[in-house]
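There are 2 protein chains.
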Amino acid sequence: MGEITEACRTFVVNDPNLTVYEVLRLLRILEGETTIGGITCKMTVSSVMAALGFLYYKGMLRVDRERLTVKLTSKVEWDVKSLVELEIRGAVYALSRAEALRDALKKRDMEIIYEFSQLPINYDSLMRKFAFMQSFQDVDGKEIIFVGDDDFLSVTCSLLGRPKRVVVVDLDERLLEGIRELSDKYGLEIETYKHNFIYPLPDELQGSFDTFCTDSPHCLGGILLFVSRGVSALKRGTETAGYFVFQTVNEPLLMTFETRQKLLKLITNEMNGVIYGMLPASIKYITPRNEDEKLMEVFLEATKRPSLEEYYRHVEETLKPSSKFIEFYPEFSMETSMITRVVFREPKPLIEGEYNKKAEEKYGPIYSWAIIEQHIAKEK
Amino acid sequence: MGEITEACRTFVVNDPNLTVYEVLRLLRILEGETTIGGITCKMTVSSVMAALGFLYYKGMLRVDRERLTVKLTSKVEWDVKSLVELEIRGAVYALSRAEALRDALKKRDMEIIYEFSQLPINYDSLMRKFAFMQSFQDVDGKEIIFVGDDDFLSVTCSLLGRPKRVVVVDLDERLLEGIRELSDKYGLEIETYKHNFIYPLPDELQGSFDTFCTDSPHCLGGILLFVSRGVSALKRGTETAGYFVFQTVNEPLLMTFETRQKLLKLITNEMNGVIYGMLPASIKYITPRNEDEKLMEVFLEATKRPSLEEYYRHVEETLKPSSKFIEFYPEFSMETSMITRVVFREPKPLIEGEYNKKAEEKYGPIYSWAIIEQHIAKEK
Chain A
1 MGEITEACRT FVVNDPNLTV YEVLRLLRIL EGETTIGGIT CKMTVSSVMA ALGFLYYKGM
61 LRVDRERLTV KLTSKVEWDV KSLVELEIRG AVYALSRAEA LRDALKKRDM EIIYEFSQLP
121 INYDSLMRKF AFMQSFQDVD GKEIIFVGDD DFLSVTCSLL GRPKRVVVVD LDERLLEGIR
181 ELSDKYGLEI ETYKHNFIYP LPDELQGSFD TFCTDSPHCL GGILLFVSRG VSALKRGTET
241 AGYFVFQTVN EPLLMTFETR QKLLKLITNE MNGVIYGMLP ASIKYITPRN EDEKLMEVFL
301 EATKRPSLEE YYRHVEETLK PSSKFIEFYP EFSMETSMIT RVVFREPKPL IEGEYNKKAE
361 EKYGPIYSWA IIEQHIAKEK
Chain B
1 MGEITEACRT FVVNDPNLTV YEVLRLLRIL EGETTIGGIT CKMTVSSVMA ALGFLYYKGM
61 LRVDRERLTV KLTSKVEWDV KSLVELEIRG AVYALSRAEA LRDALKKRDM EIIYEFSQLP
121 INYDSLMRKF AFMQSFQDVD GKEIIFVGDD DFLSVTCSLL GRPKRVVVVD LDERLLEGIR
181 ELSDKYGLEI ETYKHNFIYP LPDELQGSFD TFCTDSPHCL GGILLFVSRG VSALKRGTET
241 AGYFVFQTVN EPLLMTFETR QKLLKLITNE MNGVIYGMLP ASIKYITPRN EDEKLMEVFL
301 EATKRPSLEE YYRHVEETLK PSSKFIEFYP EFSMETSMIT RVVFREPKPL IEGEYNKKAE
361 EKYGPIYSWA IIEQHIAKEK
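Protein sequence lines, in the order shown, are assigned to chains A and B. My numbering puts the first sequence at residues 1 to 380. My numbering puts the second sequence at residues 1 to 380.
Honestly, the hints are just simulated from the structure, not real lab data. Source: prediction; values computed, not measured. Check the hints yourself; a few may be wrong.
Treat identical chains as interchangeable: a pair holds within one or across any two.
[As the list claims (entries may be wrong)] Straight-line Cα separation of at most 25 Å, DSS-like style, residue types lysine-lysine; simulated pairs:
1) LYS235 / LYS265
2) LYS284 / LYS106
3) LYS235 / LYS194
4) LYS194 / LYS357
5) LYS294 / LYS71
6) LYS265 / LYS357
7) LYS348 / LYS265
8) LYS294 / LYS58
9) LYS348 / LYS362
10) LYS265 / LYS362
11) LYS142 / LYS194
12) LYS142 / LYS348
13) LYS75 / LYS194
14) LYS106 / LYS185
15) LYS348 / LYS235
16) LYS262 / LYS348
17) LYS71 / LYS284
18) LYS304 / LYS71
19) LYS185 / LYS235
20) LYS106 / LYS357
Starting from the given sequences, assemble the full structure and let the hints guide the process.
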């Protein structure tokens with residue numbers, strides 16, 4: 001693999017997409033029969049031609065002159081077949097690491113995570129997010145900052161990708177401790193910072209990253225604040241990328257048409273971000289067992305009614321709007337959330353100073369604030 | 001199916017997502033074991049509860065109180081399994097229609113399509129685009145306009161979905177004739193208009209559609225012009241959607257960071273569009289055989305050289321930049337294109353009048369213009 005990449009690099013030095021990941025994608029395509037024009041990967045025509053030449057001279061390429069197609073002479077041994085079969089084609093390097101990841105995730109303390117009104121994403125969503133980032137080449141060789149990381153995506157990227165530097169910033173020391181333990185166990189060298197995003201990032205983290213990732217509270221204020229902190233961490237004058245997640249459908253608290261319009265205008269016009277990808281229905285959360293229990297209770301209680309009409313009436317009476325965050329509202333749409341990738345060159349954080357009353361008035365309250373304040377008070 | 005939808009409607013009248021398509025999605029999820037909280041579809045909690053009640057009273061739902069899960073008692077017979085397995089879960093209604101579609105597509109005259117420097121999308125991409133539109137509920141019950149349709153997506157939507165009205169506007173009479181033939185054969189009632197997009201849409205098409213689709217020339221001027229025409233066709237004061245396609249990676253002619261930034265700013269700020277989805281690497285085109293031949297020639301000629309170094313040298317010398325559209329440049333990235341979905345409420349077309357020299361100066365030339373003019377001259 002490295003050999004092909006190196007050989008291509010010798011020939012074409014100017015293709016920024018000539019990474020191990022892209023070569024893996026090319027090999028994957030060549031497993032099937034394809035015309036040269038039919039190859040689809042981010043590499044340039046020159047680089048693809050170089051790679052084909054390399055494979056041909058090594059006797060690894062079968063050419064059908066009649067059908068105008070090329071194909072590998074033998075199957076590539078893929079380490080982690082199931083992961084590369086995700087919606088966005090991705091590739092990872094070692095099965096043992098993927099298994100380590102599954103183990104690692106099992107060790108997350110869900111109680112701690114739920115305590116902050118956070119919902120962690122499920123395993124498939126985590127892999128999809130990693131593959132999405134890989135497909136844009138935002139992991140390998142990159143300096144990445146995680147603005148909050150209850151999902152342990154930092155561990156995922158470090159285990160399955162080849163990042164240059166990984167930093168996690170989070171308010172919860174217990175979560176950071178969990179990440180540090182895994183980092184030590186697997187030699188990942190993840191750096192952790194305890195920090196409250198009400199305040200700007202520490203100076204040493206500003207302007208020094210290629211990629212940021214955040215899965216903020218899903219309200220306008222929360223997204224703008226966390227994305228702003230991520231943006232403040234990006235390098236200037238070069239192409240960098242940021243990932244955030246938000247609800248895709250209307251429901252009482254979150255993403256109405258107007259809120260989405262406001263969010264996208266602020267990102268486009270104020271923060272100089274250009275959207276490069278928005279994957280609908282891509283992120284699913286793990287709901288706490290007590291939420292599942294509540295819904296099941298409503299359902300089971302209703303099914304004791306003698307008829308479908310009575311069932312309907314009971315459900316309607318029982319499902320009442322509530323102000324609690326994780327709880328299900330009757331009008332809450334059950335759709336999964338959306339990952340968005342934004343590219344920057346001259347990024348400008350919308351919120352630069354403290355997220356105080358004034359900022360809150362302008363961009364909206366962050367609903368898990370009260371929970372965070374309680375936590376801080378308890379700690380003192 | 002209709003029975004479940006109707007039963008739910010009786011109970012919850014206010015869920016706009018309570019369509020046959022969403023109920024199909026729900027049933028698909030219930031094939032597997034899931035908690036109620038773990039169900040992910042666009043329907044609200046109320047609608048999901050109603051559907052579960054219906055299934056339960058009909059004896060079609062198995063409830064595991066211990067594991068808090070629900071599941072169908074028997075497997076649903078899916079008509080077109082392979083289509084629903086696409087990246088975006090979609091559902092279509094009859095296998096026979098899917099087969100009709102395959103036949104229909106075979107009848108496209110590729111020579112006519114290539115003559116306009118158009119590249120049709122391949123079958124998988126067509127299905128992915130349809131499923132993407134379905135997943136956003138932009139097909140069933142909707143009035144849809146196709147701003148150019150060399151892909152026969154109009155036929156796809158009519159055969160596999162349940163649109164209320166389908167209109168195709170295109171410059172090439174031969175292409176429209178092909179669509180009309182299929183429409184007659186399958187009773188699709190597709191309306192066709194011959195029109196040059198240099199000029200605004202006919203009055204009777206303005207302001208009357210829920211959805212527009214375009215796969216314009218992939219240059220800034222081309223995208224802005226075709227999207228503007230699409231936008232002019234949308235209804236006002238209600239949520240409508242538009243789809244367009246563009247290249248996702250840097251290459252000489254198309255989508256640099258600056259061009260993308262300009263495009264997205266114009267859509268967001270001038271046209272009042274809000275991006276709701278952007279599916280990377282989703283659309284692949286069918287390249288003409290002579291393009292494949294050219295690339296294969298370069299490759300085969302190069303492999304006659306005695307060494308890999310000589311091979312590289314030959315490729316480098318042979319691949320020279322050219323000004324022709326479909327041809328492959330050495331620096332052309334081979335990545336597939338991107339579908340984008342934009343939502344509007346008060347849409348405003350950027351370009352309202354004729355696309356003349358003045359508009360061209362402002363938004364850039366459209367590269368297939370010369371070819372279109374030649375065609376018009378030849379027709380006269």
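Hints versus structure:
1. LYS235 / LYS265: Classified as both: same-chain Cα gap 22 Å, cross-chain 23 Å, threshold 25 Å.
2. LYS284 / LYS106: within (17 Å within a copy, 39 Å between copies)
3. LYS235 / LYS194: within (21 Å within a copy, 50 Å between copies)
4. LYS194 / LYS357: within (23 Å within a copy, 58 Å between copies)
5. LYS294 / LYS71: between (54 Å within a copy, 18 Å between copies)
6. LYS265 / LYS357: within (22 Å within a copy, 30 Å between copies)
7. LYS348 / LYS265: both (14 Å within a copy, 16 Å between copies)
8. LYS294 / LYS58: between (62 Å within a copy, 23 Å between copies)
9. LYS348 / LYS362: The answer is within: 17 Å in one copy meets 25 Å, while 27 Å across copies does not.
10. LYS265 / LYS362: both (15 Å within a copy, 22 Å between copies)
11. LYS142 / LYS194: Close inside one copy (22 Å), not across copies (51 Å); limit 25 Å.
12. LYS142 / LYS348: within (20 Å within a copy, 40 Å between copies)
13. LYS75 / LYS194: Answer is neither: 47 Å inside a copy and 50 Å across each miss the 25 Å cutoff.
14. LYS106 / LYS185: Result: close within a single copy only, 15 Å intra versus 57 Å inter.
15. LYS348 / LYS235: within (11 Å within a copy, 36 Å between copies)
16. LYS262 / LYS348: both (17 Å within a copy, 17 Å between copies)
17. LYS71 / LYS284: This pair counts as between: shortest inter-copy Cα distance 19 Å, intra-copy 37 Å.
18. LYS304 / LYS71: This pair counts as between: shortest inter-copy Cα distance 18 Å, intra-copy 61 Å.
19. LYS185 / LYS235: Answer is neither: 30 Å inside a copy and 59 Å across each miss the 25 Å cutoff.
20. LYS106 / LYS357: So LYS106 and LYS357 fail the 25 Å test inside a copy (39 Å) and across (63 Å) alike.
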